[in-house]
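Novice: Sequence:
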Amino acid sequence: MVEWSDFERSTIQNIFANMDYDVVGPKALARCLVVYPWTQRYFGNFGNLYNAAAIMGNPMVANHGKVVLHGLDRAVKNMDNIKATYAELSVLHSEKLHVDPDNFRLLADCLSIVVAAQMGTAFTADVQAAFQKFLAVVVSSLGRQYH
Numbered sequence: 001m002v003e004w005s006d007f008e009r010s011t012i013q014n015i016f017a018n019m020d021y022d023v024v025g026p027k028a029l030a031r032c033l034v035v036y037p038w039t040q041r042y043f044g045n046f047g048n049l050y051n052a053a054a055i056m057g058n059p060m061v062a063n064h065g066k067v068v069l070h071g072l073d074r075a076v077k078n079m080d081n082i083k084a085t086y087a088e089l090s091v092l093h094s095e096k097l098h099v100d101p102d103n104f105r106l107l108a109d110c111l112s113i114v115v116a117a118q119m120g121t122a123f124t125a126d127v128q129a130a131f132q133k134f135l136a137v138v139v140s141s142l143g144r145q146y147h
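Residue numbers (full-length UniProt numbering): 1 to 147.
These are computed hints drawn from the structure, not numbers from a lab.
Note that the Cβ used here is the ideal one computed from N, Cα and C, for glycine as well.
Among these hints, one or two may not hold up.
Said to hold, decoys possible - Think about it this way: if two alpha-carbon atoms lie no more than 25 Å apart in a straight line, the pair counts; the simulated PhoX-like pairs of lysine-lysine are:
hint : residue 1 : residue 2
1    : K133      : K83
2    : K133      : K77
3    : K66       : K83
4    : K66       : K77
5    : K66       : K133
As the list claims (entries may be wrong) - Label pairs and their calculated CB-CB ranges:
hint : residue 1 : residue 2 : range
6    : T121      : Y42       : 29 to 37 Å
7    : Y21       : A54       : 19 to 27 Å
8    : S112      : Q40       : 36 to 44 Å
9    : V35       : E3        : 29 to 37 Å
10   : Q40       : K77       : 12 to 20 Å
11   : M1        : V35       : 28 to 36 Å
12   : P37       : A122      : 28 to 36 Å
13   : Q13       : A54       : 15 to 23 Å
14   : D6        : Q118      : 33 to 41 Å
15   : A53       : M79       : 31 to 39 Å
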């Protein structure tokens, strides 16, 4: 079980409470697909992903970015048991979709960049540390879980 300080817990909750999911989610996923093009292989049914402009303007990418962020809501609401919260999603991604678990880390890095850009100077080193700790726990929980 992960221990969260009061600062970490409130910081994570505040970030998500003030986040514009319709902007941040699409930007984070699009950034991941552009910067790490090998991650595109999981989105073959999304149509044109041939260049950055196509990815940034792809409505399926934008929609899935929003889905990812709403999925993170579950972790925010269950910070004391993120692993169990994502057990089913972990099985789906690892055993059915065969997603390389490192791709979750890449997406988390892109999400951090987008959130930092959105928050500006409010994204202090302490806020970044709390946010990245949260994302690391989520990434770990989405990797293959052994029972």
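Novice: Each of the hints needs a verdict: does it hold here or not?
Specialist: Hints and how they fare:
A hinted pair counts as satisfied when its Cα atoms are at most 25 Å apart, and K133 with K83 qualifies at roughly 14 Å. Annotation: proposed proximity of K133 to K77 holds, straight-line Cα distance about 16 Å (limit 25 Å). Our distance criterion of 25 Å between C-alpha atoms is met by K66 and K83, whose separation comes to about 21 Å. Restraint check: the Cα-Cα separation between K66 and K77 comes to about 17 Å, which is no more than 25 Å; the hinted pair holds.
For a cut-off of 25 Å, the pair hint linking K66 to K133 stands: about 21 Å separates their Cα positions. The hinted window of 29 to 37 Å between T121 and Y42 holds, with their beta carbons roughly 35 Å apart. With their beta carbons about 22 Å apart, Y21 and A54 fall inside the hinted range of 19 to 27 Å. At roughly 21 Å, the beta carbons of S112 and Q40 sit outside the given window of 36 to 44 Å.
Remark: the range hint 29 to 37 Å for V35 to E3 is upheld by a beta-carbon distance near 32 Å. The hint said 12 to 20 Å for the Cβ distance between Q40 and K77, and at roughly 31 Å that hint is violated. Here the CB-CB span from M1 to V35 is close to 33 Å, well matched to the stated 28 to 36 Å. Hint check: P37 to A122, Cβ distance near 32 Å, so the stated range 28 to 36 Å holds.
A beta carbon spacing of about 35 Å between Q13 and A54 contradicts the range 15 to 23 Å that was offered as a hint. Against the hinted window of 33 to 41 Å, the Cβ-Cβ separation of D6 and Q118 comes to about 24 Å, which falls outside the hint. Under the hint 31 to 39 Å, the C-beta atoms of A53 and M79, about 37 Å apart, fit the expected range.
Violation of the numbered hints given earlier is confined to hints 8, 10, 13, 14; the remaining hints are satisfied by the structure.
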